[in-house]
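*Asks:* Chain residues, written in single-letter form:
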Amino acid sequence: MKHILAVLVEDKPGVLTRVAGLFSRRGFNIENIAVGETNNPGISRMTITVEGSETIIEQVIKQLHKLVNVIKVSNLSEEPSVMRELMLIKITAESGSRSDIQQIVETFRGKVIDVSPESMIIEVTGNEEKMEAIKLLFIDFGIKEIVRTGKVALLRGTRITSES
Amino acid sequence: MKKKMMKGSAMILSALKEEGVNVVFGYPGGAVLPLYDHLFDSNLKHLLVRHEQAAVHAADGYARVTGQPGVVFATSGPGATNLVTGIANAYMDSVPLVLITGQVPRAFIGTDAFQEADITGITMPITKHNYLVKDADQLPSILSEAFYLASTGRRGPVLIDVPKDIFDQEGHFIYNRKCEIPGYKPTYDGHVGQISRAVKAIKNAQRPVIFGGGGLIRAGASEVLSKLVEKARIPVILSLMGLGAYPGDIDLYLGMPGMHGSITANYALSEADLIIAAGVRFDDRVTGKLESFANNAKIIHIDIDPAEIGKNVKIDIPIVGDVRVVLEALFQKLQPGHTVEWLRQIENWKINNPMPGVLKSSGGTVKPQFVIRELSRLSKEETVVATDVGQHQMWAAQHFIIRKPCTFLTSGGLGTMGYGFPAAIGARLAAPESNVVCITGDGSFQMNIQELATAVNNRLDIIIAVINNGYLGMVRQWQDMFYNKRYSHTVLEGNPDFVRLAEAYGAKGLRAKNEEETTAVIKQALSEKGPVVIDFVVEPEENVYPMVAPNCPINDIIVGSDQL
Ligand SMILES: Cc1ncc(C[n+]2csc(CCOP(=O)(O)OP(=O)(O)O)c2C)c(N)n1
Ligand SMILES: [Mg+2]
Numbered sequence: 000m001k002h003i004l005a006v007l008v009e010d011k012p013g014v015l016t017r018v019a020g021l022f023s024r025r026g027f028n029i030e031n032i033a034v035g036e037t038n039n040p041g042i043s044r045m046t047i048t049v050e051g052s053e054t055i056i057e058q059v060i061k062q063l064h065k066l067v068n069v070i071k072v073s074n075l076s077e078e079p080s081v082m083r084e085l086m087l088i089k090i091t092a093e094s095g096s097r098s099d100i101q102q103i104v105e106t107f108r109g110k111v112i113d114v115s116p117e118s119m120i121i122e123v124t125g126n127e128e129k130m131e132a133i134k135l136l137f138i139d140f141g142i143k144e145i146v147r148t149g150k151v152a153l154l155r156g157t158r159i160t161s162e163s
Numbered sequence: 000m001k002k003k004m005m006k007g008s009a010m011i012l013s014a015l016k017e018e019g020v021n022v023v024f025g026y027p028g029g030a031v032l033p034l035y036d037h038l039f040d041s042n043l044k045h046l047l048v049r050h051e052q053a054a055v056h057a058a059d060g061y062a063r064v065t066g067q068p069g070v071v072f073a074t075s076g077p078g079a080t081n082l083v084t085g086i087a088n089a090y091m092d093s094v095p096l097v098l099i100t101g102q103v104p105r106a107f108i109g110t111d112a113f114q115e116a117d118i119t120g121i122t123m124p125i126t127k128h129n130y131l132v133k134d135a136d137q138l139p140s141i142l143s144e145a146f147y148l149a150s151t152g153r154r155g156p157v158l159i160d161v162p163k164d165i166f167d168q169e170g171h172f173i174y175n176r177k178c179e180i181p182g183y184k185p186t187y188d189g190h191v192g193q194i195s196r197a198v199k200a201i202k203n204a205q206r207p208v209i210f211g212g213g214g215l216i217r218a219g220a221s222e223v224l225s226k227l228v229e230k231a232r233i234p235v236i237l238s239l240m241g242l243g244a245y246p247g248d249i250d251l252y253l254g255m256p257g258m259h260g261s262i263t264a265n266y267a268l269s270e271a272d273l274i275i276a277a278g279v280r281f282d283d284r285v286t287g288k289l290e291s292f293a294n295n296a297k298i299i300h301i302d303i304d305p306a307e308i309g310k311n312v313k314i315d316i317p318i319v320g321d322v323r324v325v326l327e328a329l330f331q332k333l334q335p336g337h338t339v340e341w342l343r344q345i346e347n348w349k350i351n352n353p354m355p356g357v358l359k360s361s362g363g364t365v366k367p368q369f370v371i372r373e374l375s376r377l378s379k380e381e382t383v384v385a386t387d388v389g390q391h392q393m394w395a396a397q398h399f400i401i402r403k404p405c406t407f408l409t410s411g412g413l414g415t416m417g418y419g420f421p422a423a424i425g426a427r428l429a430a431p432e433s434n435v436v437c438i439t440g441d442g443s444f445q446m447n448i449q450e451l452a453t454a455v456n457n458r459l460d461i462i463i464a465v466i467n468n469g470y471l472g473m474v475r476q477w478q479d480m481f482y483n484k485r486y487s488h489t490v491l492e493g494n495p496d497f498v499r500l501a502e503a504y505g506a507k508g509l510r511a512k513n514e515e516e517t518t519a520v521i522k523q524a525l526s527e528k529g530p531v532v533i534d535f536v537v538e539p540e541e542n543v544y545p546m547v548a549p550n551c552p553i554n555d556i557i558v559g560s561d562q563l
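Residue numbers (numbering that gives the first Met the number 0), protein chains in the order written: chain C, 0 to 163; chain P, 0 to 563.
Because the hints were derived from the structure by calculation, they are not lab data.
As a list, the in silico BS3-like pairs of lysine-lysine whose alpha-carbon atoms are at most 25 Å apart: (1) K71(C) / K310(P); (2) K313(P) / K1(C); (3) K184(P) / K61(C); (4) K349(P) / K297(P); (5) K313(P) / K61(C); (6) K310(P) / K65(C); (7) K177(P) / K71(C); (8) K184(P) / K71(C); (9) K177(P) / K11(C); (10) K310(P) / K61(C); (11) K177(P) / K65(C); (12) K11(C) / K133(P); (13) K65(C) / K133(P); (14) K310(P) / K1(C); (15) K65(C) / K313(P); (16) K11(C) / K184(P); (17) K65(C) / K184(P).
Every value quoted in this text rests on a predicted model; they were computed, and no experiment measured them.
Just need the whole structure built from these sequences, with the hints factored in.
*Replies:* Here it is in structure tokens:
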């Protein structure tokens, strides 16, 4: 099963290396990782997607906790949460196919953010299924390049993943 | 709190003073020249080793005996990389160390400068934490954090990499031993509810055993363990790392479990209905085949490191906390169960399954087990034993009677040949009143034999008992048992004459080839000053028994070669 972990870390040099190193050393697989600042100065948040059984995830969480720079680890898959990812996708787009493309983009509430004579760049946000669905639809037009941010997630409601 | 301007080097030495450090183990070089220059005028004791690996092992031995962090200095590049084995060794056995390495000056970092090595990158997976100092102003807080991290929670090595120019940079020195690290909050008190469950489980158990490890020793839990055992009449099994946490000569002690453990210990673990595991990590050398490990037992697992609980073995009652604190709490509420019949059963196992291999040797030679037993018998009660790795290590664990915590130093997790002798050097400085005996092999000794110079130079009274079988014995044993006796590269042809070698270094060299000589040279060595190397020429192809073959159930025990 896939788990989404929210990991609050001290914003110190090498902290990403420590986390990544831990995963490779213990044989855990990171499927996906997104890192960024939080509203608290000095604290960054990593959103890590890992595949594994309950026992493996338990070990992952405990081992992460042991890293001195890790402040808090929460498993967001265990609670109601919202999750999003952003994807930029560059596709072949001759003048003939542009309106078809435009329609797909609208259906998926995406945005065209760049147009050139032979190609377009489209921006989509959403969950995993949405990304896969839109990729599938664009295959026939010709996908030139894809880049994804990795997933980020928050708990639903007023509760927060605080540093406590 | 004092605040003043100081150079980086001075800050380091002041911090060591604040931390009560009495001795540093180290080796100089270009990147630590400024630090060593300050050291020259300081009254801090520095022990100059002959190889940086030995500095770490010596600091490790010192730390295991005193419970305080051992401190190491080394230079950048090769000095730092020479520490790696020692650090990994200390990490696996949870030994508190603070290692200070020099680094190339800040402006040169990342340029492949002369003697640059990314030691923080290299040691990330084998340290509890590490630091690369970016400014002298950071040094005081980094140093106090390093000592705090190394010596609290689950102990471990912490490395501080200091660029050369920072040793000379002026900064504000404010030293505060209390530090707040947001991501580091070890749990010391056990969960009350889990402790009550444990109390009930102990009361209801018919066949309980305590299985203790190195965590007992690090936590200083021996006394409370003895009280608890006495009151509840529960037998005790100790892992290799736990030896000494409970006296090895008391009836309720069953020995070490696992691959070369006692038959009684392995039977008891297999038949127990309750295992109280304290400060252990269920290493594969202990559990054997996991699926058949302790199938009849409920397991209570007490450990300071939550990640150890449930890592290898399924746990029924997990208790995260300091082993001493939790055992105290358990003891307060303890309601002894009925263990009389179980103890009778165990007594029978003991009588019927004595440790093999203690028979007298035939034909004027000497068996290694006899040597260890004589060392044990003739040494005074206050003795620290440091072992190397191999057959001699297992014989030491089986036959040397260890009565007190912090007196048996051995490389348990990493199995590092070359550990024993430098660890004995550290122990020598840590325990001035004790005898220090290093039990080593002809292979292992040669991995750090250069430290004879350190020992001679500092007139360290250490007995180095070389169990000389002419082989990399433990590997030969596996070749004997599992590879058709094809002794591929395990014959140590070309061994030096250890007696003459000792003499060349200025140490005393003695030799024993039979039982009478063994007893005589041990007595003589105990009366000598300075390091004494004893070359015990033992029966070369003796194997270690009992043995549980790898990945077999631990009650499936081979007791001798006729069983193969
Ligand atoms: C640094 C290192 N290299 C290799 C090994 C593998 N190894 C384990 S025991 C052993 C033989 C040790 O020989 P010796 O010190 O003579 O001890 P004996 O087993 O003969 O008592 C070897 C090579 C090891 N544990 N450590
Ligand atoms: Mg040998």
